[in-house]
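**Q** What follows is each chain in one-letter form.
Protein chains: 2
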Amino acid sequence: MSAENKQYRLAARPVGTPKDSDWEFTTEAIPTAEDGEVVVKVDYVSLDPAMRGWMNDAKSYIPPVGLGEVMRAGTVGEVVESKNDAFKVGDFVSGYHGVQQYGKSNGKDLVKVDPSLAPLQSYLGGLGMPGLTAYFGLTDVGAVKEGDTVLVSGAAGAVGSMVGQIAKIKGARAVGLAGGVDKCRYVVEELGFEACVDYKSDTFLQDLKEPLKSGVDVYFDNVGGDILDIALARLNRHARVVICGAISQYNNTTPVQGPVNYLNLLVQHARMEGFVVFDYIQQYAEGTKQLATWYSEGKLQFKEHIDEGIENFPTTFLKLFTGENFGKLVLKVSED
Amino acid sequence: MSAENKQYRLAARPVGTPKDSDWEFTTEAIPTAEDGEVVVKVDYVSLDPAMRGWMNDAKSYIPPVGLGEVMRAGTVGEVVESKNDAFKVGDFVSGYHGVQQYGKSNGKDLVKVDPSLAPLQSYLGGLGMPGLTAYFGLTDVGAVKEGDTVLVSGAAGAVGSMVGQIAKIKGARAVGLAGGVDKCRYVVEELGFEACVDYKSDTFLQDLKEPLKSGVDVYFDNVGGDILDIALARLNRHARVVICGAISQYNNTTPVQGPVNYLNLLVQHARMEGFVVFDYIQQYAEGTKQLATWYSEGKLQFKEHIDEGIENFPTTFLKLFTGENFGKLVLKVSED
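Protein chains in written order, with my numbering: chain A, 513 to 848; chain B, 513 to 848.
So here's chain A without its partners, still in its complex pose:
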């Protein structure tokens, strides 16, 4: 076990794509627990598109990360010291310890997880926030129903891969959009989507025709930009557009690209609705139980893209925006 706690702190507000100089690498002593607290050795840090938003000094659903603070991030790890009756040394927990090797907590934001049911890092992916995001977004916001055609962007990603699989479980047709032949093959052959269209292909618009010949009932958007407009143009009557994210826009130095085709909502009497998973905090337990049940029944698959070494955080984080990761992106930061 390392005797130090290595961390990444936010050093500057990025303009556009985060640069190395936006981060500060620091080393501290491992924290110790006060009464009621636990210390967690972090095994995996979750890298999520939403983190880019938290770096901006803008009013949003949660406060921005302050300059000089450890970068906020979801984590899974093991309790190594406890002065809290609810946790004992050796428990595995998910929480928000940020980009560092050790964190401490009063326990209120920790959830015990079971690494014998699924690999520890799954609790940052399919059985964690991305899974819950897909679940609440598709079933509540998207109101998916049997026979719907569900189109999802980022279909090979942490959220999108779950959206399509949950759509199938609900009796809908799942059509994915992903970047590249390999990701599309994975989405169809391993995840069981009915189709997946490669948005990087020269024949992208042509390739969409057959899988979307009956239109789109639910579009689950993780990317924004041109792809949102392409989906809006293909909506059916009373379609639902779920705005989960807009990764194509997060590093913009110019204004966000607004959806030119939004008036198709009028023509089709359709709606576009946004959400963040934190809106459903009261229902996390129910959602997690449902996902774990489906997983144990063999109805859900997920994979993680694991990079190693806390030093690599700035580089690994950028993979989210280039689409280089294949599966939920996590960073292994424990050194033993």
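Everything labelled a hint here was simulated from the structure, so no lab data went into it.
Incorrect hints may have been included.
One copy or two, either will do: identical chains are not told apart, so a pair holds if it fits within one copy or between any two.
List time: in silico BS3-like cross-link candidates among lysine-lysine, alpha-carbon distance up to 25 Å [stated by the list, open to error]: (1) Lys-600 / Lys-616; (2) Lys-725 / Lys-571; (3) Lys-518 / Lys-600; (4) Lys-721 / Lys-571; (5) Lys-571 / Lys-595; (6) Lys-725 / Lys-815; (7) Lys-657 / Lys-620; (8) Lys-844 / Lys-815; (9) Lys-680 / Lys-815; (10) Lys-620 / Lys-844; (11) Lys-844 / Lys-624.
On the provided structure of chain A, position chain B as indicated by the hints.
**A** Below, chain B alone, put in the same frame as chain A:
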């Protein structure tokens, strides 16, 4: 009574703002009724923003007006010949006879109206499609409830003026946006909105602060463009944005301006939903009855901007886009 039927037909698909050469003025014999038909002498033609969309050769909620066809428009007038048992000479009816002085119909699209209850032209305004648009848009799509702050653009217009008054009836606060001091004064002093902000003023954004200090629960959009973005930036949690129209964009020769601030839907877990009044055709009778009841109770006011002379149609139509009209824009086309 004129012995001829003067008409405006669509001569060309406009690029941008319609020009005189996009219209053809024609004169025909007055039609005669076949079995089951009625002939209607048109008194007033309704001029509505939606007509601009019907002139484009684009897939929409109804087919475009064909080149050479009489321009589609709502109308009110008097039955002058009837071979249909449901109508007798002297009945007043609303319908879609278009921009002409006489039309005929099989009666299925005609609704009898009572000029002793309200002026005939009101059935093209507050008691007609604009009133129904406001009613269904605000109560069904917008799901207005007591205590909401309802913001509406085009607040002095045919739809917007009704939106604010219905909001008040439902126990909500009505805040209007309109162009110019006179329109704003009318909206507050005569229609009873709590506030109206002049979007043409240099202090527009500053002036919005006080009336919107508790945010926006329902935004009813008739205009699109920058004003839609300004409203999106001020949404409350679970707000509803009703997309009724986008008059600022209808004569664009460049692409429609998409709402840059649409990601605020995500931050606020808000939704944006579009509709056209035709979606509610099964409920027109119920809606019309409700509006007439409120009108008879003195709870609704409306006014029409009446231009005269069918020859003036091309010029009068453009007033919709310059904001020159004050009240529901109608054209009196009968000559007696």
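**Q** None of the hints should be skipped; say for each whether it holds.
**A** Now for the hints, and whether the structure bears them out:
Proximity of Lys-600 and Lys-616 under a CA criterion of 25 Å is satisfied intra-copy only: 14 Å inside one chain copy versus 84 Å between copies. With identical chains, the CA atoms of Lys-725 and Lys-571 are at most 25 Å apart between copies only, with a shortest distance of 16 Å across copies and 40 Å within one. For the homomeric pair Lys-518 and Lys-600, the shortest alpha-carbon distance inside one copy (24 Å) is at most 25 Å, but the shortest distance between copies (89 Å) is not. Proximity of Lys-721 to Lys-571 under the C-alpha cut-off of 25 Å is restricted to the inter-copy arrangement: shortest distance 17 Å between copies versus 40 Å within a copy.
Within a single copy, Lys-571 and Lys-595 get their C-alpha atoms no closer than 35 Å, and across copies no closer than 66 Å, so neither meets the 25 Å cut-off. Taking CA atoms no more than 25 Å apart as the test, Lys-725 paired with Lys-815 passes in neither setting, with 30 Å inside one copy and 46 Å between copies. Taking the shortest Cα distances, Lys-657 and Lys-620 never come within 25 Å of each other, neither inside one copy (35 Å) nor across copies (36 Å). Taking the closest pair of Cα atoms, Lys-844 and Lys-815 come within 25 Å of each other only inside a single copy of the chain (15 Å); across copies the shortest separation is 68 Å, beyond that limit.
Taking CA atoms no more than 25 Å apart as the test, Lys-680 paired with Lys-815 passes inside one copy only; the shortest distance there is 18 Å, against 53 Å between copies. Taking CA atoms no more than 25 Å apart as the test, Lys-620 paired with Lys-844 passes inside one copy only; the shortest distance there is 24 Å, against 70 Å between copies. For the identical chains of this complex, Lys-844 and Lys-624 are intra-copy neighbours only, at 19 Å inside a copy versus 74 Å across copies, given an alpha-carbon limit of 25 Å.
In summary, the structure is inconsistent with hints 5, 6 and 7 from the numbered list given earlier, while agreeing with the others.
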